[in-house]
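Using the sequences and the hints given, assemble the complete structure.
2 protein chains.
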Amino acid sequence: MTQLQKMGAAAKQAAAVLRTAGEKKREALLKAAEILRNETEKILAANAIDVKAAKENGMSESLLDRLTLTAARVEGMAKGIEDVAALRDPVGRVLSGETRPNGLRIEKITVPMGVIGIIYEARPNVTSDAAALCLMAGSAVILRGGKEAFHSNMAVTALMQEACEAVGLPKESVQLVEDTSRASSVEMMGMTGYLDLLIPRGGAGLIRAVVENAKVPVIETGVGNCHVYVDKDADLEMAAEIVFNGKTSRPSVCNAVETLLVHREVAEKALPMIAARLNEKHVELRGDSETCRILPEAKPAEEADYETEFLDYILAVRVVDSAEAAVGHIAQYSSGHSECIVTNSLKTAEYFTACVDSAAVYVNASTRFTDGGEMGLGAEIGISTQKLHARGPMGLNEIVSYKYIVRGSGQIR
Amino acid sequence: MTQLQKMGAAAKQAAAVLRTAGEKKREALLKAAEILRNETEKILAANAIDVKAAKENGMSESLLDRLTLTAARVEGMAKGIEDVAALRDPVGRVLSGETRPNGLRIEKITVPMGVIGIIYEARPNVTSDAAALCLMAGSAVILRGGKEAFHSNMAVTALMQEACEAVGLPKESVQLVEDTSRASSVEMMGMTGYLDLLIPRGGAGLIRAVVENAKVPVIETGVGNCHVYVDKDADLEMAAEIVFNGKTSRPSVCNAVETLLVHREVAEKALPMIAARLNEKHVELRGDSETCRILPEAKPAEEADYETEFLDYILAVRVVDSAEAAVGHIAQYSSGHSECIVTNSLKTAEYFTACVDSAAVYVNASTRFTDGGEMGLGAEIGISTQKLHARGPMGLNEIVSYKYIVRGSGQIR
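Residue numbers (the numbering used here), protein chains in the order written: chain R, 1 to 413; chain Y, 1 to 413.
To be clear, the hints were calculated from the coordinates, so they are not data collected in a lab.
In this text, all values refer to a predicted model and were calculated from it rather than measured experimentally.
One or more of the hints may lead you astray.
Said to hold, decoys possible - No more than 27 Å apart at the CA atoms, straight line, and that leaves these computed lysine-lysine pairs for DSS-like: (1) Y:Lys12 with R:Lys347; (2) Y:Lys232 with Y:Lys171; (3) Y:Lys347 with R:Lys24.
Stated by the list, open to error - Listing some non-contacts, in silico: residues in chain Y with all C-beta distances to chain R over 10 Å: (4) Asn125; (5) Glu178; (6) Ala204; (7) Val283; (8) Pro296; (9) His329; (10) Asp357; (11) Met375.
Ideal placement from N, C-alpha and C gives every residue a C-beta, glycine not left out.
Shown next as structure tokens:
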């Protein structure tokens, strides 16, 4: 048995306990939040080791910022765990049921997944967030964080384990993979018989590696090539605000806007309005020939620009002839995350929402709302861009399974 | 582009039409049933070619029986298509929704998967069943049937396409892969970007190949190593009936019983009663030492017998010390399909249903009821043994996805 298989076997045993752990899951989380607060200094000390090494290795400022913990951020992590503990238990909900003509009573009831694997990068707060969500969903979790946050992740995992043991749950309910090589990540993707679900959280490269290598069930997350389409019947001031918000409020996240499509009939008026707003944040525009004609400051876009999730102050722009052309562009280039139409036409709005095949389709609102908290799901473990099992933000209810319980009195077929 | 990729691209275009096809889906199915009835002779002629070749190649009697169509079986296929057409459209159901404090109106609504691939063996009626279910669920389907049924499958596919065109739907809504080599099957498993879902229907070998090779989202189906546990508080006559029904009513199906577990306290009395009943159908028993002591006719079981889906008149038997031991045995050997406890103890029944982690858990009823029709789901496309997306019988509602539609009035974040 490899080290990871041993962890997998231990996780399966923990999962069997968690399956019927009831309120102990909540108690463990509250305990974890308490320990986290009490041991803030210890966490910060572990994090300081990671930050020092990262600085020596020349990590970029923005990544360093994500990696660095402060007392306030640790408090945020503790609060995050408590928020999860305050959610309704997703296990044991009766989804449907009926009594069959032969008297069989059938109940479809939510049950835990079992063992969930999470592969993620950079931020140490993902460790506590993801562990809390999996635990509350009744699943054991095997975390495989990035090497840059290794000491921070170890410290957080240790206290989650301490909290589990304090309430009588197995410490193997939460485990961290110590080997942060690419090999351990690939091995996890192949752990059939141990992992019931693998959630990769990271960039396009990680997602591609998972699609290529995974033999266990996977939910792909987080790649967002999001579009705003400004229709000929749009309120152009609203459009400018929605594009500005979608592009600049947090360019590094997956629900940020990457491509703007504008109807030819309003392009002459809309593009300068939108460009003026985006210029406040020095957003670079890459447009088709019509866009470049209207906006001399725009650079010519290449095909690849429409395929790119920039995660930066860059926006691809294209003028389209119709709502149909906008839907066609989205069908070709979108990653299926979030798209928006700005329009006052009911007919066009209904056409767009019916025909755009993405996790979240917006009418007159920013794509930035695709987020578990904003959508009322509570904390989220990721945003699914696939169609199997869960789509869009995944909260507690999206990381459980179900089973049928059938009660009879000797029925045979 | 390979032939399969061309089919995938055509299917994606058809899927875009099917997404909003509404009642045309139903019309196409009714038309298909009509054509199927009118062209029974044509279908039987095509089938005769397959059957002749199969006989020449020495196909076994039971497989030949599955392959052979008769006028009555074609009528059954037509009726099956009409049954699907009579079901409620699974697309466009509002699963949940709310108005957020900022005024955003969020709706979670079912949508088609897009393109579904199905790999299956032997029986030509799967072609019409699967195509009907996918079409009604608003998805285009790429069928990859076994080579033994090739001419039958082609004939059925042609008439489904004719029916689609007759009502104005693209004929590429239903396509059959003409290359029935193993290579085409493996290529399908890797068709990311074309297939939104792949459902393999077949034996353990096919499922293993899919787990090994698939890069597209998959729902594993149909491997059933099902257990009956006869508790110390069981009604032993009921137990004998449930075991007899589970083992012998149709041994070749996935919801048939493969292993019997009996509590030690009642083994002396229960085993002879059950064995006498099973002996009517000459069921071979393979037991542990205690079983062999009580039943001299039983053969000694090997470890492998507890892992095997016999699909035959063979039953593995083990005497266990407790309900906990039964649950432990099931956790180790089960494929997660269907398990049954026979007991009159409420406490033991509740323990068993809570702790057995299978798609369907029965109290005092035959495992043979794990079936879409028997459970009230309507026709089924397969029985999932995985936990992601769908578990147990999959009807129309299990082969759709959902998306969020968010309506606002200029909200930004």
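Problem set entry | Pair hint Y:Lys232 and Y:Lys171, alpha-carbon separation not exceeding 27 Å | violated (58 Å)
For this session: Just double-check Y:Val283 for me: nearest Cβ-Cβ distance to chain R has to come out over 10 Å.
Result: At about 16 Å from chain R, Y:Val283 clears the 10 Å cut-off, so the statement holds.
For this session: Mind verifying the non-interface call on Y:Asn125? Its CB should be farther than 10 Å from each CB in chain R.
Result: holds (20 Å)
Problem set entry | chain R versus Y:Asp357 - minimum CB to CB distance exceeding 10 Å, so not interface | violated (7 Å)
Problem set entry | Least C-beta distance between Y:Met375 and chain R, which was stated to exceed 10 Å | Violated, since 6 Å does not exceed 10 Å.
Problem set entry | Pairwise hint evaluation, R:Lys347 against Y:Lys12, where the allowed Cα distance is 27 Å at most | This hinted pair holds, its Cα atoms lying about 24 Å apart.
Exercise. Minimum Cβ separation between Y:Ala204 and chain R greater than 10 Å?
Worked result: holds (13 Å)
Problem set entry | Reported absence of Y:His329 from the contact zone with chain R (all CB gaps over 10 Å) | holds (13 Å)
Exercise. Taking 27 Å as the top limit, are the C-alpha atoms of Y:Lys347 and R:Lys24 close enough?
Worked result: holds (21 Å)
Problem set entry | Whether Y:Glu178 stays farther than 10 Å from all C-beta atoms of chain R, as the label says | holds (27 Å)
Problem set entry | Non-interface claim for Y:Pro296, where every Cβ of chain R lies beyond 10 Å | holds (28 Å)
Of the hints listed earlier, those the structure fails to meet are numbers 2, 10, 11, in rising order.
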